[in-house]
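Heads up: the protein sequence lines correspond to chains L and Y, in order. Its first residue numbered 1, the first sequence is counted upward by one per residue in this note's numbering. Its first residue numbered 281, the second sequence is counted upward by one per residue in this note's numbering.
In case anyone wonders, no lab produced these hints; they're calculated from the structure. Misleading hints may appear alongside valid ones.
Stated by the list, open to error - What follows is a list of derived Cβ distance ranges for each label pair:
| no. | chain 1 | residue 1 | chain 2 | residue 2 | range |
| --- | --- | --- | --- | --- | --- |
| 1 | L | L53 | Y | E318 | 49 to 59 Å |
| 2 | Y | P301 | L | P240 | 38 to 48 Å |
| 3 | Y | P297 | L | P80 | 19 to 29 Å |
| 4 | Y | P333 | L | D201 | 30 to 40 Å |
| 5 | L | P226 | Y | R289 | 52 to 62 Å |
| 6 | L | E177 | Y | R356 | 53 to 63 Å |
| 7 | L | L253 | Y | R358 | 52 to 62 Å |
| 8 | Y | E380 | L | G199 | 23 to 33 Å |
Predicted model only: the values in this text are computed from it and were never measured. Positions of the beta carbon are idealized from the N, C-alpha and C atoms, including for glycine.
Single-letter residue listing:
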Amino acid sequence: MTAAAASPPAASAAAALLPPLDDPRSQVLLALADDALVSGHRASHWTGVAPSLEEDLAFSTIAQDGINHADLWYQVLLGPDVDDLRAGVDALGLGRAPEQYRHAILCERPPGDFAYTLARHWVLTRFEAVRFEVLTRSSDAEVAAIAVKLGHELRYHREHADHWFHKLSGGGEDAHERFRAALAAVLPASLGLYEPVAGEDRAVADGLLPVGHPDLRALIEAETAPLLQAAGYDELVPEPSATVPEADAGGRLGRHTDDFTVDVWPEMTQLYRAHPDARW
Amino acid sequence: MLDTGAVRRAVEDVPDPELPPVTIGMLGMVHDLEVSDEGIVDVELLPTFSGCPATEMIERDVVTAVSEVPGVTGVRVRFRFDPPWTPDRIDATGRERLREFGIAPPGGPIHGAVTPAGRRALPLAFGASSAEEAPRTCPYCASTDTVRDSAFGPTPCRDVRYCNACQQPFEAFKPL
Chain L
1 MTAAAASPPA
11 ASAAAALLPP
21 LDDPRSQVLL
31 ALADDALVSG
41 HRASHWTGVA
51 PSLEEDLAFS
61 TIAQDGINHA
71 DLWYQVLLGP
81 DVDDLRAGVD
91 ALGLGRAPEQ
101 YRHAILCERP
111 PGDFAYTLAR
121 HWVLTRFEAV
131 RFEVLTRSSD
141 AEVAAIAVKL
151 GHELRYHREH
161 ADHWFHKLSG
171 GGEDAHERFR
181 AALAAVLPAS
191 LGLYEPVAGE
201 DRAVADGLLP
211 VGHPDLRALI
221 EAETAPLLQA
231 AGYDELVPEP
241 SATVPEADAG
251 GRLGRHTDDF
261 TVDVWPEMTQ
271 LYRAHPDARW
Chain Y
281 MLDTGAVRRA
291 VEDVPDPELP
301 PVTIGMLGMV
311 HDLEVSDEGI
321 VDVELLPTFS
331 GCPATEMIER
341 DVVTAVSEVP
351 GVTGVRVRFR
361 FDPPWTPDRI
371 DATGRERLRE
381 FGIAPPGGPI
391 HGAVTPAGRR
401 ALPLAFGASS
411 AEEAPRTCPY
421 CASTDTVRDS
431 AFGPTPCRDV
441 RYCNACQQPF
451 EAFKPL
């Protein structure tokens, strides 16, 4: 198989630690975890180079939160009876081949300029807040309890994202227009967040994910569309008939772009691939 | 015979690695504790923040501390999220220790700090105070003339504030 031939050396070592991943429950948990892991890695780009100390702290904390939220979902996926929890979490986070990741392609895009970073941050945070809120009603008690906790923590991300949304959209013409351009790039791509994972219908029927990804869109846009309109960005509200552009589609099924396969993925897995048994 | 009270004290006295004057008992992190007839201790803890890097250290420290209680044959630590930890679980001693450490605890006034008289307030260049929360009491001077300067701080559980009265930045435990 070509996929196996292209897999990294550590994949074989990690494969022994990976639980079965093809069932709908695992696919949903991977979507939750991988969105957080990959957007967290992209947020960490700003550590040390953000335009102000406060923003450096903000994106460093957001990165730490994202990577830790992923860690928690990987723990849920592994279950309570796993032999070596930390080795299992590392195998899930760092030991999979790129095509086994289930995040939306928007999460893997480079940070761009600060306007693009803040536009994506606003969209992702609004999306995550609603998805957590939906998950608090999950039929899986552990998933529901974690969603309550992570929803509390996300409040700070949301305040920060909303603060910048209002500051830039309501700022001078330069800020308003640069933020418009950033949102115009992010919003169509954000439709990739609403693609379902394989077998998602069953996870929805079981109540694990009470509202499937495609149906999250209406809930989220009901909140974001009025904000975009109030900010003077009426024409950026996605049409109900709009679908995700081809370049940004397929992430939930494991199709990723060079931004992931030759940029984020090699960097974030480098140490693990060199030393699969490393502990920290 | 295993002294269950001694086991509980050993767990509750484990210090928070990032805030050593405060114990996990004061923070309200201990949810449940069971001791079996065979001397196996099961401890359930509530993490303050899911991304807290101190949780693994706390787990190790709890195992070490409980293992030293005579009669204990094994220790198991589990973190759980139900109920979610919230700052109102911090007890009165914990709140006072946090204040002494320069970290404003959430909720209500704190006692013991002295208010300086007649200091001039400097305008703050930037500020993203939350509209959802009343100003936090300054841990140094007890003034409530404070603003949130940054929603993010040195650890996931803390943010950064500024006191207009005594002109000191200080950290605050995040409300949840």
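A quick look at each hint next to the structure:
no.	hint	in the structure
1	L53/L - E318/Y: 49 to 59 Å	holds, 53 Å
2	P301/Y - P240/L: 38 to 48 Å	violated, 56 Å
3	P297/Y - P80/L: 19 to 29 Å	holds, 25 Å
4	P333/Y - D201/L: 30 to 40 Å	holds, 38 Å
5	P226/L - R289/Y: 52 to 62 Å	holds, 54 Å
6	E177/L - R356/Y: 53 to 63 Å	holds, 58 Å
7	L253/L - R358/Y: 52 to 62 Å	violated, 35 Å
8	E380/Y - G199/L: 23 to 33 Å	violated, 54 Å
In terms of the numbered hints stated before, the structure departs from hints 2, 7, 8, listed from lowest to highest.
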